[in-house]
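Here the protein sequences come in this chain order: A and B. Throughout the first sequence, residue numbering follows the working numbering, covering 16 to 447 in sequence. Throughout the second sequence, residue numbering follows the working numbering, covering 7 to 545 in sequence.
You may find that some hints are simply not true.
[Claimed, not checked] Taking lysine to aspartate or glutamate and the EDC-like style, the derived pairs with C-alpha atoms no more than 16 angstroms apart in a straight line are: (1) B/LYS149 to B/GLU384; (2) B/LYS58 to B/GLU32; (3) B/LYS116 to A/ASP397; (4) B/LYS47 to A/ASP403; (5) B/LYS47 to A/ASP352; (6) B/LYS118 to A/GLU401; (7) B/LYS122 to A/ASP403; (8) B/LYS118 to B/GLU48; (9) B/LYS122 to A/ASP352; (10) B/LYS122 to B/GLU69; (11) A/LYS241 to A/ASP189; (12) B/LYS115 to B/ASP82; (13) A/LYS234 to B/GLU384; (14) B/LYS116 to A/GLU392; (15) B/LYS80 to A/GLU305; (16) B/LYS118 to B/GLU69; (17) A/LYS242 to A/ASP172; (18) A/LYS86 to A/ASP352.
[To be verified] Going by beta-carbon spacing under 10 angstroms, a handful of chain B positions derived as facing chain A: (19) LYS116; (20) ARG124; (21) THR218; (22) PHE220; (23) ASN370; (24) ILE463; (25) LEU473; (26) TYR474.
Hint data in this document are derived by calculation from the structure and do not stem from the laboratory. Each residue gets a CB set at the ideal place from its N, CA and C atoms; glycine is no exception.
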Amino acid sequence: MVHLTKKASMAASVGLIATTVLTSAVQAAETIKVGILHSLSGTMAISETTLKDVMLMLIEEQNKKGGVLGKQLEPVVVDPASDWPLFAEKARELLAVHKVSAVFGNWTSVSRKSVLPVFEELNGMLFYPVQYEGEESQRNVFYTGAAPNQQAIPAVDYLIENEEVERWVLAGTDYVYPRTTNKILEAYLKSKGVADEDMMINYTPFGHSDWQTIVADIKTFGSSGKKTAVVSTINGDANVPFYKELGNQGISAQDIPVVAFSVGEEELAGLDASPLVGHLAAWNYFQSVETEANEEFIEAWQEFTGDDNRVTNDPMEAHYIGFNMWVKAVEKAGTTDVDSVIDSIVGVSVPNLSGGYSAMMPNHHITKPVLIGEIQEDGQFDIVDETDGLVAGDAWSDYLPESAKLIADWRAPMACGNFNVETKSCGGVVSN
Amino acid sequence: MKRFIRHVALLLAFALCAVPAAQADEELTHLISALANGKLKEMPAKISALEKAGNSKIVPLFEALSAGTLFYRKADKAVFITRSSADGITLMAPLTLQEQGVTTKKSLKKIKVNNKLRRQLKTAIANLTLLSPDVSLRLSAAKELFKSSDPAVLPLLEEALHQESDASVRQAMQESYAAMTLRTQHASQQHRLDAIETLKAMGNQQALSVLTGFVASASEPEERDAATSVIASINKRLARWSVAQNVWYGLSLGSVLLLAAIGLAITFGVMGVINMAHGEMVMIGAYTTFMVQEVIRNSFPGLFDYSLAFALPLAFLASGAVGFAMERGIIRFLYGRPLETLLATWGVSLMLQQAVRTVFGPTNKEVGNPDWMSGAFELGAMTLTANRIWILAFAFVVFAVLLVVLRRTQFGLEVRAVTQNRRMAASMGIRTPWIDALTFALGSGIAGMAGVALSQISNVSPNLGQLYIIDSFMVVVFGGVGNLWGTFVGAMTLGVANKFLEPYAGAVLAKILTLVFIILFIQKKPRGLFALKGRAVDL
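Model the full structure from these sequences, guided by the hints.
Printed below as a string of structure tokens:
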């Protein structure tokens with residue numbers, strides 16, 4: 016029953032927001048509009064709904080503090096329904112019809128790729144909060160999630176140093192993020208002297224649910240006498256059956272640890288974590304980070320959602336950082352004009368939730384700490400390792416030959432997302 | 007009583023060696039309190055110190071540390087083993103295990119461990135319990151030491167072997183001894199050859215991994231040849247078993263397909279309704295399981311192991327009711343118009359998904375496995391997981407019951423009569439609309455029961471149904487519309503074929519190949535494996 020009333024109050028608050036959107040449309044001149052482009056229905060709703068809520072919370076808090084430039088912020092929520100072409104349409108609606116000053120949104124890489132031309136054409140700003148495969152830098156996009164060198168590479172380093180892993184299984188879902196990440200990891204591992212026969216690369220379809228054969232293969236691969244680990248870029252729903260099968264076939268984290276880049280607190284909330292204890296995840300933020308800023312954030316979030324058990328996760332922190340960066344850049348520029356904000360945001364630094372400051376780099380990626388966490392029985396992570404300082408996001412991986420020579424710098428003289436240092440010209444080879 | 011005797015024995019033991027024991031205990035206490043300070047990187051040294059200083063008394067502490075139940079109090083940094091209870095967290099002294107009161111989680115801080123430490127702890131526990139009076143403890147210790155490569159353990163293992171009386175423990179010890187001999191190279195040639203023989207008798211993956219490591223580092227050609235030939239023979243044995251293992255994987259995938267498709271075999275196969283909302287009936291069943299478990303968790307935690315038994319009838323009723331409403335509300339107006347039915351049921355499927363998303367939220371829901379559904383056991387070189395065995399058995403039972411219902415009951419007779427010749431059945435006095443509704447409800451209800459089973463291996467989210475709808479149609483069409491046996495054979499064939507393709511082609515390609523195969527097959531035999539013959543076909 017308690018549950019129901021909470022739901023009802025949530026519904027009421029959503030209704031309230033809808034009415035404020037309506038009433039304030041009349042006095043549009045006095046507000047600054049912020050677009051939220053996250054799927055609220057369809058397959059990606061599982062992850063993206065939370066991000067919509069966190070944006071509403073951040074905007075509400077900022078408004079309580081007096082808004083930005085003396086104006087109140089007004090959220091404009093649209094639902095692209097996990098449909099990639101619809102993302103482009105809704106982005107166009109946000110920029111052309113609602114004339115929003117900035118957009119916070121997207122989760123999958125394919126949805127980001129589908130909105131890129133729209134943001135370029137209509138000159139908008141997009142803050143993208145999810146870890147991704149890199150190999151991209153665009154003038155209108157700000158990547159607040161991790162690039163591969165801020166997640167995958169440090170995770171592999173941790174396994175080499177602390178678990179003395181010599182054999183690697185790279186398991187992923189068959190789409191662009193795992194394929195590119197694994198390509199980078201393969202090159203990186205080879206540069207560390209790992210032989211071809213000590214690597215097993217495996218792809219599965221979306222939503223794969225029968226893991227018996229693959230888990231048995233991993234078990235066989237791992238019993239060659241060398242320490243083996245699995246680097247998992249398995250996406251979304253396929254994770255639960257994968258971990259369940261690992262547990263059932265008796266593979267514990269002490270035998271073959273799995274380090275995942277897509278499993279966070281939200282994903283673990285939907286599963287019995289006891290067979291997973293000791294498996295790893297690499298993120299830039301965990302709910303278990305012990306800082307005052309994080310405590311306040313969690314408290315505000317649980318109060319906003321009216322649920323004491325709601326968890327926080329890494330993409331939420333990315334939005335927290337991205338939103339605060341945008342606010343600071345707007346205040347620095349003294350206007351919400353997109354060109355001025357894009358110029359002023361580079362170099363802006365704001366506190367992150369793990370006790371440091373994240374800064375916007377000239378390549379539109381940010382600096383972040385990298386944390387390695389072990390899954391605990393309650394679905395939280397124990398942080399077992401942390402990079403010494405902040406790691407700057409690298410748009411173009413140094414480990415792939417075709418992108419090693421590219422750099423991105425959007426500051427005035429160069430203003431290029433793929434500058435080729437060999438040919439000294441903008442417009443290097445763009446992969447994928 | 008037993009506990010009392012143990013306490014008395016302990017007391018006597020203390021009294022006998024009171025002075026040195028007191029000193030040792032003091033040292034231990036000192037070492038234990040050091041656990042509360044410092045970094046993770048300093049932990050391995052602390053644990054080895056504890057292991058050296060301690061005896062079997064330290065085992066509970068190691069176990070707690072490994073399980074994450076070792077905490078220290080923030081106020082005074084005193085270390086405790088904890089147990090959560092109804093009114094908070096119970097503290098226990100780390101050595102004596104005496105209860106030291108109850109406190110809140112906030113006042114405590116967990117002592118962190120990582121995998122490396124857990125491995126170290128496991129070995130330490132094994133070393134300390136190898137001579138324990140408890141047979142099961144000795145057995146698990148002996149098995150654990152198989153992975154160890156510390157030559158210092160060899161003398162201990164020799165001593166343990168010398169004393170051991172239990173045959174199975176003895177064997178495990180011999181195997182571990184053999185593994186360690188080969189790993190550490192600390193023995194005579196004869197010893198090593200004996201060890202190779204022992205591992206040959208084991209003949210499994212573990213033995214293989216030790217031998218492969220040995221061959222890579224062996225210096226004597228005679229030993230290397232012996233080991234190489236053993237590796238070859240083990241590989242041959244494993245290859246034979248892997249065929250059996252693949253058949254098993256195939257059957258278990260087949261049973262999942264069968265479960266998902268069997269409800270559809272009735273609504274689509276028997277009634278001819280293209281029901282795109284079939285997957286959502288499965289989803290409703292899975293969410294029913296979730297709700298049953300929620301109620302049990304909150305009100306009757308003792309009944310958790312029986313949660314699935316409660317969920318089955320409820321899921322049948324819930325999905326059946328939705329199916330009944332769908333048939334009465336929508337489908338009965340659309341009989342004979344397959345395209346409209348397809349679109350209407352697809353719409354219903356989207357509505358049901360979004361309704362579940364609104365009510366339960368878009369995230370996965372946690373459905374736990376009862377104890378009897380988790381774990382695995384070994385058969386030869388095969389691993390059979392408990393949940394798959396149960397699901398296979400459940401699929402067979404559902405199939406058999408359905409067969410009996412359709413073949414042997416009055417209701418089944420009427421269903422078959424209506425689907426074979428509607429007008430004739432109506433003329434004989436059968437209420438055909440009523441039978442239509444009940445048949446559809448039956449198909450949906452069975453899909454709901456499948457949802458209970460699938461909630462054990464898949465995740466419970468609003469997208470659950472979509473994962474299975476394509477596979478279900480594939481199975482029914484392949485098996486032959488209108489024939490339950492066709493569905494059965496179709497599901498098992500596709501399952502086994504898929505699992506034999508997967509190791510060679512990979513999961514993605516295996517799925518594509520299966521689809522291509524079905525397309526070609528349907529070209530040849532448009533009515534599937536078991537085509538219905540006779541007048542019913544033309545209706």
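Hints and how they fare:
A hinted pair counts as satisfied when its Cα atoms are at most 16 angstroms apart, and B/LYS149 with B/GLU384 qualifies at roughly 15 angstroms. Our distance criterion of 16 angstroms between C-alpha atoms is met by B/LYS58 and B/GLU32, whose separation comes to about 14 angstroms. Of the supplied pair hints, the one linking B/LYS116 and A/ASP397 holds, its CA atoms being roughly 10 angstroms apart against a limit of 16 angstroms. Distance check on the hinted pair: B/LYS47 and A/ASP403 sit about 15 angstroms apart at the alpha-carbon level, within 16 angstroms; holds.
Distance restraint check for B/LYS47 and A/ASP352: the Cα-Cα separation of roughly 50 angstroms exceeds the 16 angstroms cut-off, and the hinted pair is therefore not satisfied. Between B/LYS118 and A/GLU401 the CA atoms are separated by roughly 14 angstroms; this keeps the pair inside 16 angstroms, and the hint holds. About 21 angstroms separates the Cα atoms of B/LYS122 and A/ASP403, which puts this hinted pair outside 16 angstroms; it is violated. Distance hint between B/LYS118 and B/GLU48 is fulfilled; the C-alpha atoms sit about 11 angstroms from each other, no more than 16 angstroms.
A threshold of 16 angstroms between alpha carbons decides the hint, and for B/LYS122 with A/ASP352 the separation of about 53 angstroms lies outside it, so the pair is violated. Using a Cα cut-off of 16 angstroms, the hinted pair B/LYS122 and B/GLU69 holds, with the two alpha carbons roughly 15 angstroms apart. A threshold of 16 angstroms between alpha carbons decides the hint, and for A/LYS241 with A/ASP189 the separation of about 27 angstroms lies outside it, so the pair is violated. Distance restraint check for B/LYS115 and B/ASP82: the Cα-Cα separation of roughly 11 angstroms lies within the 16 angstroms cut-off, and the hinted pair is therefore satisfied.
Proximity of A/LYS234 to B/GLU384 is assessed by CA-CA distance (about 14 angstroms); at most 16 angstroms being required, the pair is judged to hold. For the hint pairing B/LYS116 with A/GLU392, the CA-to-CA distance comes to about 13 angstroms; that is within 16 angstroms, so the pair holds. Of the supplied pair hints, the one linking B/LYS80 and A/GLU305 holds, its CA atoms being roughly 15 angstroms apart against a limit of 16 angstroms. At roughly 13 angstroms between alpha-carbon atoms, B/LYS118 and B/GLU69 fall within 16 angstroms of each other, so this suggested pair holds.
Of the pairs offered as hints, the one joining A/LYS242 and A/ASP172 holds, with about 14 angstroms between alpha carbons and a cut-off of 16 angstroms not exceeded. The hinted pair formed by A/LYS86 and A/ASP352 meets the criterion: a straight-line CA distance of about 14 angstroms does not exceed 16 angstroms. With a least beta-carbon distance of about 8 angstroms to chain A, the hint placing B/LYS116 at the interface is held under the 10 angstroms criterion. Contact between B/ARG124 and chain A, as hinted, is supported at the beta carbon level, the nearest pair being about 5 angstroms apart and thus within 10 angstroms.
The restraint placing B/THR218 at the interface with chain A holds, with a minimum CB-CB distance near 5 angstroms, inside the 10 angstroms limit. With a least beta-carbon distance of about 8 angstroms to chain A, the hint placing B/PHE220 at the interface is held under the 10 angstroms criterion. Contact between B/ASN370 and chain A, as hinted, is supported at the beta carbon level, the nearest pair being about 3 angstroms apart and thus within 10 angstroms. Below 10 angstroms, beta-carbon pairs count as interface contacts, and B/ILE463 has one with chain A at about 6 angstroms; its hint therefore holds.
Checking B/LEU473 against chain A by beta carbon gives a least distance of about 5 angstroms; that is within 10 angstroms, so the hint holds. For B/TYR474, the shortest C-beta to C-beta distance to chain A is roughly 8 angstroms, which falls under 10 angstroms, so the interface hint holds.
When the structure is compared with the earlier hints, violations turn up for hints 5, 7, 9 and 11 and for no others.
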